[in-house]
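S.K.: One-letter residues, chain by chain:
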Amino acid sequence: MKFGILIQDGPYNHEAADSAYNFITAALERGHSIQGIFFYNDGVHNVNKLMDPPQDDRHISKRWSELGAKGIDIVVCIAAAKRRGINKDVIVPNVRISGLGQLLEIAVESDRLITFGAG
Amino acid sequence: MTEKEKTKIMFIMRKSPHGSILAYEGLEAILIMGAFEQEISVVFIDDGVFVLKKEQDTKPLGVKEFSRTFRTLEDYDITNIYADRESLEQRGLSADDLIIPVKVVEAGEITKIMDEQDVLFPF
Numbered sequence: 001m002k003f004g005i006l007i008q009d010g011p012y013n014h015e016a017a018d019s020a021y022n023f024i025t026a027a028l029e030r031g032h033s034i035q036g037i038f039f040y041n042d043g044v045h046n047v048n049k050l051m052d053p054p055q056d057d058r059h060i061s062k063r064w065s066e067l068g069a070k071g072i073d074i075v076v077c078i079a080a081a082k083r084r085g086i087n088k089d090v091i092v093p094n095v096r097i098s099g100l101g102q103l104l105e106i107a108v109e110s111d112r113l114i115t116f117g118a119g
Numbered sequence: 001m002t003e004k005e006k007t008k009i010m011f012i013m014r015k016s017p018h019g020s021i022l023a024y025e026g027l028e029a030i031l032i033m034g035a036f037e038q039e040i041s042v043v044f045i046d047d048g049v050f051v052l053k054k055e056q057d058t059k060p061l062g063v064k065e066f067s068r069t070f071r072t073l074e075d076y077d078i079t080n081i082y083a084d085r086e087s088l089e090q091r092g093l094s095a096d097d098l099i100i101p102v103k104v105v106e107a108g109e110i111t112k113i114m115d116e117q118d119v120l121f122p123f
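As given, the protein sequences belong to chains A and B, one line each in that order.
Counting from 1, one number per residue, gives the positions in the first sequence under this note's numbering.
Counting from 1, one number per residue, gives the positions in the second sequence under this note's numbering.
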């Protein structure tokens, strides 16, 4: 199955970013594909390269960047990013900033859109 | 985007308008996607019904008052707008208290409408 992923919550504060990551890696392991990952709302903080967690903890933005390096399209909403101070200078490699039209495209092209972290 | 039938997209608005940014950024998403000529509907449930409450004054809160922007949904041909009857009643509201016309529906009907969608966006 082709999954689209929408992440609406930031890193560390709640489990959404981890649940999404675990879902994606499990889906890939089972031979499913990921049409794209879209970060909206506080989700845009997920790709901040300035985050520097303790060494014995997971590094959430690095993890997304590694998924992006595998060829998964990772998109950060520009409107949500702008108001939160996220721009091209502070995002990790292998993710891109674009508009909500990209979320629509991911949703349309996927068999199923899965959201993490709404409200 | 590949040529195919319009995608049926429903936005589920469940949060109060100013306690979090979800309602406002939900509205932004509705407006952007409304420009792409998909089949869009919006449902207001739980505290989400407050989003459409008439005569909001956000000055004391120091945040943007955006409820009036919902009037523009008509310009995007977004006319399938629903509100959950029980959510309204629990909050002492009726359709007359809302800034735009909505179809007041029972929870069971909302479930049916959701089942017909291709994509659900919860806010």
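It should be emphasised that the hints constitute simulated quantities derived from the structure, not laboratory data.
Everything numeric in this text was worked out from a predicted model, so none of it was measured.
For every residue, glycine included, the Cβ atom is placed at its ideal position computed from N, Cα and C.
Fair warning: there could be bad hints in the mix.
Facing chain A, from chain B, some residues (calculated, C-beta under 7 Å) [said to hold, decoys possible]:
id	residue
1	Thr7
2	Lys8
3	Ala29
4	Ile32
5	Phe36
6	Val105
7	Pro122
Subject to a maximum C-alpha distance of 30 Å in a straight line, what follows is the list of computed BS3-like cross-link-like pairs (lysine-lysine) [unchecked claim]:
id	chain 1	residue 1	chain 2	residue 2
8	A	Lys49	A	Lys70
9	A	Lys2	A	Lys88
10	B	Lys64	B	Lys54
11	A	Lys88	A	Lys70
12	A	Lys2	B	Lys112
13	A	Lys62	A	Lys2
14	B	Lys64	A	Lys82
15	B	Lys8	B	Lys53
16	B	Lys112	B	Lys64
17	B	Lys8	A	Lys2
18	B	Lys112	A	Lys82
19	A	Lys82	A	Lys49
20	B	Lys103	B	Lys54
21	B	Lys103	A	Lys88
22	B	Lys6	A	Lys2
23	B	Lys59	A	Lys82
24	B	Lys8	B	Lys59
25	A	Lys49	A	Lys62
26	B	Lys64	B	Lys53
27	B	Lys53	B	Lys103
28	A	Lys82	B	Lys103
29	B	Lys112	B	Lys8
30	B	Lys8	B	Lys103
S.K.: Hint by hint, say whether it matches the structure.
M.R.: Verification of the supplied hints:
1. About 5 Å separates the beta-carbon of threonine 7 of chain B from the nearest beta-carbon of chain A, less than 7 Å, and the hint is met.
2. Proximity of lysine 8 of chain B to chain A is violated relative to the hint, the smallest CB-CB distance being about 10 Å (cut-off 7 Å).
3. This hint holds: alanine 29 of chain B has a C-beta 5 Å from the nearest C-beta of chain A, less than the 7 Å allowed.
4. Checking isoleucine 32 of chain B against chain A: minimum C-beta separation of about 4 Å stays under 7 Å; hint holds.
5. A hinted interface residue such as phenylalanine 36 of chain B counts as satisfied when its beta carbon comes closer than 7 Å to some beta carbon of chain A; here the least separation is about 6 Å, so the hint holds.
6. Given hint, valine 105 of chain B at the interface with chain A, is violated; its Cβ is 21 Å from that chain's nearest Cβ, farther than 7 Å.
7. Checking proline 122 of chain B against chain A: minimum C-beta separation of about 4 Å stays under 7 Å; hint holds.
8. For a cut-off of 30 Å, the pair hint linking lysine 49 of chain A to lysine 70 of chain A stands: about 18 Å separates their Cα positions.
9. For the suggested pair lysine 2 of chain A and lysine 88 of chain A, the alpha carbons sit about 28 Å apart, so the restraint of at most 30 Å is met.
10. In summary, the hint linking lysine 64 of chain B to lysine 54 of chain B is supported, as the alpha carbons are separated by about 15 Å, within the 30 Å threshold.
11. Between lysine 88 of chain A and lysine 70 of chain A the alpha-carbon distance is near 20 Å, which keeps this suggested pair within the 30 Å criterion.
12. The hinted pair formed by lysine 2 of chain A and lysine 112 of chain B meets the criterion: a straight-line CA distance of about 24 Å does not exceed 30 Å.
13. For a cut-off of 30 Å, the pair hint linking lysine 62 of chain A to lysine 2 of chain A stands: about 24 Å separates their Cα positions.
14. Only pairs whose Cα atoms come within 30 Å are accepted, and lysine 64 of chain B paired with lysine 82 of chain A is accepted, the gap being roughly 17 Å.
15. At roughly 26 Å between alpha-carbon atoms, lysine 8 of chain B and lysine 53 of chain B fall within 30 Å of each other, so this suggested pair holds.
16. For the suggested pair lysine 112 of chain B and lysine 64 of chain B, the alpha carbons sit about 34 Å apart, so the restraint of at most 30 Å is broken.
17. Annotation: proposed proximity of lysine 8 of chain B to lysine 2 of chain A holds, straight-line Cα distance about 18 Å (limit 30 Å).
18. At most 30 Å may separate the alpha-carbon atoms for a hinted pair to count; lysine 112 of chain B and lysine 82 of chain A exceed this at roughly 37 Å.
19. Annotation: proposed proximity of lysine 82 of chain A to lysine 49 of chain A holds, straight-line Cα distance about 16 Å (limit 30 Å).
20. With a C-alpha separation of about 16 Å, the suggested pair lysine 103 of chain B and lysine 54 of chain B falls inside the 30 Å cut-off, and the hint holds.
21. Taking the CA atoms of lysine 103 of chain B and lysine 88 of chain A, the gap is about 42 Å. The hint is violated against a cut of 30 Å.
22. Taking the CA atoms of lysine 6 of chain B and lysine 2 of chain A, the gap is about 19 Å. The hint holds against a cut of 30 Å.
23. For a cut-off of 30 Å, the pair hint linking lysine 59 of chain B to lysine 82 of chain A stands: about 23 Å separates their Cα positions.
24. Annotation: proposed proximity of lysine 8 of chain B to lysine 59 of chain B is violated, straight-line Cα distance about 36 Å (limit 30 Å).
25. The hinted pair formed by lysine 49 of chain A and lysine 62 of chain A meets the criterion: a straight-line CA distance of about 7 Å does not exceed 30 Å.
26. Between lysine 64 of chain B and lysine 53 of chain B, the direct Cα distance comes to roughly 15 Å. Compliance with the 30 Å bound is thereby established for this hinted pair.
27. In summary, the hint linking lysine 53 of chain B to lysine 103 of chain B is supported, as the alpha carbons are separated by about 15 Å, within the 30 Å threshold.
28. Proximity of lysine 82 of chain A to lysine 103 of chain B is assessed by CA-CA distance (about 35 Å); at most 30 Å being required, the pair is judged violated.
29. Note on lysine 112 of chain B and lysine 8 of chain B: the hinted pairing holds, with a Cα-Cα distance of about 13 Å set against a maximum of 30 Å.
30. In summary, the hint linking lysine 8 of chain B to lysine 103 of chain B is supported, as the alpha carbons are separated by about 18 Å, within the 30 Å threshold.
Hint check: violations occur at hints 2, 6, 16, 18, 21, 24, 28; the rest are consistent with the structure.
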